[in-house]
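Student: The listed protein sequences correspond, in order, to chains A and B. Heads up: the first sequence begins at 0 in numbering that gives the first Met the number 0, then just goes up one per residue. Heads up: the second sequence begins at 0 in numbering that gives the first Met the number 0, then just goes up one per residue.
Please note that a few of the clues may not be correct.
[Unchecked claim] Chain B regions said to be covered by chain A (calculated; three or more residues, Cβ under 8 Å):
#1 46–52
#2 95–107
[What the hints assert, rightly or not] Pair ranges (Cβ atoms, derived):
#3 A:Val417 x B:Val16: 52 to 60 Å
#4 A:Arg484 x B:Ser112: 20 to 28 Å
#5 A:Asp478 x B:Glu15: 30 to 38 Å
#6 B:Glu74 x A:Ser468: 23 to 31 Å
#7 A:Arg3 x B:Arg66: 31 to 39 Å
[Said to hold, decoys possible] Here are some of the chain B residues that sit facing chain A, going by a computed Cβ distance under 7 Å:
#8 Arg73
#9 Arg79
#10 Asn91
#11 Ala130
#12 Met133
#13 Gly134
Keep in mind the hints are simulated off the structure, nothing from the lab. As the structure is a computational prediction, the values presented were derived from the model and not from experiment. The beta carbon of each residue, even a glycine, is placed where N, CA and C say it ideally should be.
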Amino acid sequence: MTFRDCIATSTGNLWRMKLRASLTVSGVVIAIAAFVSMLSFGAGMQKMVADQFEKFGLFSTTLVYPPRGEGEADSVAHAVLDDAAIVALSQIPGVKLAYPLDAFDVTAAIADTTIRTEAQALPTEALGTKLYSDIVAGSTLTTTGTDGALVTEDLLERLGIGDPDSVLGLSLVVSVEQTTIDSGLVYVFRGGIGRMRQLLAGLTLDSLNRPEYVRRKVGQVASDAMARFLNGFLSARAVVSDTLVVRGVLRGQSHGRARIRPIVAPTATALRFNAGGFVGNPTDLFAALQTGMFPSGGDGGTQRSYPRVTLDLETNTPYQPIRDSVEALGFRVFSYAEEFDEIREFFFYFNMVLGVIGLIALITASLGIVNTMVMSIVERTREIGVLKSLGADDRDIRRLFLVESGLIGAVGASAGIVFGWLITRLASVIARSVMESRGVPEMELFALPLWLIGTALVFGIVVSLIAGSYPAARAARVDPVRALRAE
Amino acid sequence: MQTVDLCRYYQRGTHEVRAVDRVTVGFERADFTAVVGASGSGKSTLLNLLAGLDTPTSGHIAVGGVRLSSLTRRELAAYRAKRVGMVFQSFNLVSHYTALENVALALYFNDTSPRERQIRASAILERLALADRMGHRPHDLSGGEQQRVAIARALVKKPDVIFADEPTGNLDQENAEQILGLLSELNRDGLTIIMVTHNIDVARRYPRRVVRMDYGAVVADTSGNSPDGGVA
Numbered sequence: 000m001t002f003r004d005c006i007a008t009s010t011g012n013l014w015r016m017k018l019r020a021s022l023t024v025s026g027v028v029i030a031i032a033a034f035v036s037m038l039s040f041g042a043g044m045q046k047m048v049a050d051q052f053e054k055f056g057l058f059s060t061t062l063v064y065p066p067r068g069e070g071e072a073d074s075v076a077h078a079v080l081d082d083a084a085i086v087a088l089s090q091i092p093g094v095k096l097a098y099p100l101d102a103f104d105v106t107a108a109i110a111d112t113t114i115r116t117e118a119q120a121l122p123t124e125a126l127g128t129k130l131y132s133d134i135v136a137g138s139t140l141t142t143t144g145t146d147g148a149l150v151t152e153d154l155l156e157r158l159g160i161g162d163p164d165s166v167l168g169l170s171l172v173v174s175v176e177q178t179t180i181d182s183g184l185v186y187v188f189r190g191g192i193g194r195m196r197q198l199l200a201g202l203t204l205d206s207l208n209r210p211e212y213v214r215r216k217v218g219q220v221a222s223d224a225m226a227r228f229l230n231g232f233l234s235a236r237a238v239v240s241d242t243l244v245v246r247g248v249l250r251g252q253s254h255g256r257a258r259i260r261p262i263v264a265p266t267a268t269a270l271r272f273n274a275g276g277f278v279g280n281p282t283d284l285f286a287a288l289q290t291g292m293f294p295s296g297g298d299g300g301t302q303r304s305y306p307r308v309t310l311d312l313e314t315n316t317p318y319q320p321i322r323d324s325v326e327a328l329g330f331r332v333f334s335y336a337e338e339f340d341e342i343r344e345f346f347f348y349f350n351m352v353l354g355v356i357g358l359i360a361l362i363t364a365s366l367g368i369v370n371t372m373v374m375s376i377v378e379r380t381r382e383i384g385v386l387k388s389l390g391a392d393d394r395d396i397r398r399l400f401l402v403e404s405g406l407i408g409a410v411g412a413s414a415g416i417v418f419g420w421l422i423t424r425l426a427s428v429i430a431r432s433v434m435e436s437r438g439v440p441e442m443e444l445f446a447l448p449l450w451l452i453g454t455a456l457v458f459g460i461v462v463s464l465i466a467g468s469y470p471a472a473r474a475a476r477v478d479p480v481r482a483l484r485a486e
Numbered sequence: 000m001q002t003v004d005l006c007r008y009y010q011r012g013t014h015e016v017r018a019v020d021r022v023t024v025g026f027e028r029a030d031f032t033a034v035v036g037a038s039g040s041g042k043s044t045l046l047n048l049l050a051g052l053d054t055p056t057s058g059h060i061a062v063g064g065v066r067l068s069s070l071t072r073r074e075l076a077a078y079r080a081k082r083v084g085m086v087f088q089s090f091n092l093v094s095h096y097t098a099l100e101n102v103a104l105a106l107y108f109n110d111t112s113p114r115e116r117q118i119r120a121s122a123i124l125e126r127l128a129l130a131d132r133m134g135h136r137p138h139d140l141s142g143g144e145q146q147r148v149a150i151a152r153a154l155v156k157k158p159d160v161i162f163a164d165e166p167t168g169n170l171d172q173e174n175a176e177q178i179l180g181l182l183s184e185l186n187r188d189g190l191t192i193i194m195v196t197h198n199i200d201v202a203r204r205y206p207r208r209v210v211r212m213d214y215g216a217v218v219a220d221t222s223g224n225s226p227d228g229g230v231a
């Protein structure tokens, strides 16, 4: 008996017992639909993440950080993420562009509203990368040295501006508070001679030969000087203001570590604000004290160290050699490609869990197949005897019943995939309306990739075949002599 | 076809049933043999053993010099598919198939193409005067027609031998005569027929040889044309 004969015979048999077969198929349809819709959710989430990574070029984006300095070798611990390091990083094969994170606190005024926020300086080349290319209004900045700036949707939201197009061409007044080492030093020496007199008057000359006394007095003086320095550093801030023009609005997505600051300006423009020294955050000072990197002032900070450098890689550059090269320079690396591998691993287990739930439903449905096929054997015992008397061997009979259960699985799986897809469409419509009502950006939560269709089909058929294997073996064992006598 | 000390015993509880007990009998090519005996005499069991549907407890059957016991299950199935045709008292047609499909079914297991199956099945049904019944299902046919379809199914694979187990048992006199006439005609054309029947009259009139069984053993073996047929 050929396989074609088996298919034709089995199809005919299933067609004859339409009601029972359709009920059994329904079980498989529901199980496969559950399997497909659940895994479709997992696949949709994974696709959404992958699309975001792809859209913003994160697969080819790597972040470099200075070493932690704890428990590392001296040469490594002292690696500084400065301009020289950026040059070295940009020369690593596969690196298209290396640019630092240069963020600072600002006060921004636009359309009669003033808020405290953050800005970041970017080289023009970086503005051309995918990371900064999600422009919702206007255009990106193409030339250096202009007064143009990009703002994010988040900033507009804080400003209460709903229409991104309405801010294009508007003036954006950016003010930056600056403080310098100099201002601290001025405070240390404020009072000059009078303070010196006070100090000398407080000394007991007879006690100067006592080390304890000297130590205490020097300590008091040093402590007083440090307090004055910090007071001057923190209090004597100069405010630098400049007026920029809003050229474009970025979507302002937050890509984890690569968060886009609300105001983005080209490096040349931003230099006008932070050329004088430390800006805003006093921790910059302590960072500089730690690394020994003080700004020279006035030249744009050629000796500045940065908290982070972003590497834009050539497409399909393997990240391991990049990681090795960066670590050899003494820096720490964060690769989005590596992170995506971890995300993919997470989704693998996530899908496994969903798949197992679907599989349980399928196993339950398979019991229906076993029941149907066993019933079929009982009803067709005499027919099996006839077939054997006509020359069918055990293998023919086994195959006939296996094909029948396989057909139940194939039909059930096919219909289940369609049904599952319809469920995801319905769920998607509901989810979209909920998102819309809550102001969440629209996203597609479900995906039905080819691998899922294939897996569902194979699962449906394989589980059905496994379910049919017992009845098929039982049918094959039917004694033809007894079967021919059966009523 | 030769059986030697053929035995088929069943265990029924603690009791052993000797359905076929040390039967040694030969069947010549192109002969028409009737195996007669009372119910439970072992004649149907002997037929099933000869057809390769059942396995002897001991002894053996040789067909053309080949022992059936030496064949694998698949070879035994091939033997049934190609060399043996079977006709049953209760016809054993597949109820949901048409007459044509029932006949064609016999060719599913001997490598006949679907087209060839249709041609051969149609031809044999026409030969047995069932051309106008090809599309009918068994329940739409009379008993005689059903048995003729069953004979067509046995004949369509051009077997060496036809085993008929009480082929007229469910038929009225007229249909029984028709079927026996048909079997005689086939035998005259050179086909070997071994028929089991409990009807002495049938055994006397058509077959050329009668083998009588009793309690699983062959108790008489003679020509059906002898005065008492050896079966009186």
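Student: Take the hints in turn and mark each one as holding or not.
Tutor: Do the hints match the structure? See the list:
1. 46–52: holds (count 3)
2. 95–107: holds (count 4)
3. A:Val417 x B:Val16: 52 to 60 Å: Since the Cβ atoms of A:Val417 and B:Val16 sit about 57 Å apart, the hinted range of 52 to 60 Å holds.
4. A:Arg484 x B:Ser112: 20 to 28 Å: Check failed, 33 Å falls outside 20 to 28 Å.
5. A:Asp478 x B:Glu15: 30 to 38 Å: violated, 19 Å
6. B:Glu74 x A:Ser468: 23 to 31 Å: With Cβ atoms ~25 Å apart, the hint holds.
7. A:Arg3 x B:Arg66: 31 to 39 Å: Since A:Arg3 and B:Arg66 have Cβ atoms about 35 Å apart, the given range 31 to 39 Å holds.
8. Arg73: Since the shortest Cβ distance to chain A is 5 Å, the answer is holds.
9. Arg79: Interface hint status for B:Arg79: holds (4 Å vs cutoff 7 Å).
10. Asn91: holds, 5 Å
11. Ala130: violated, 22 Å
12. Met133: violated, 17 Å
13. Gly134: Cβ of B:Gly134 sits 15 Å from chain A, so the hint is violated.
Hints 4, 5, 11, 12, 13 from the list above are not met by this structure, while the remaining hints are.
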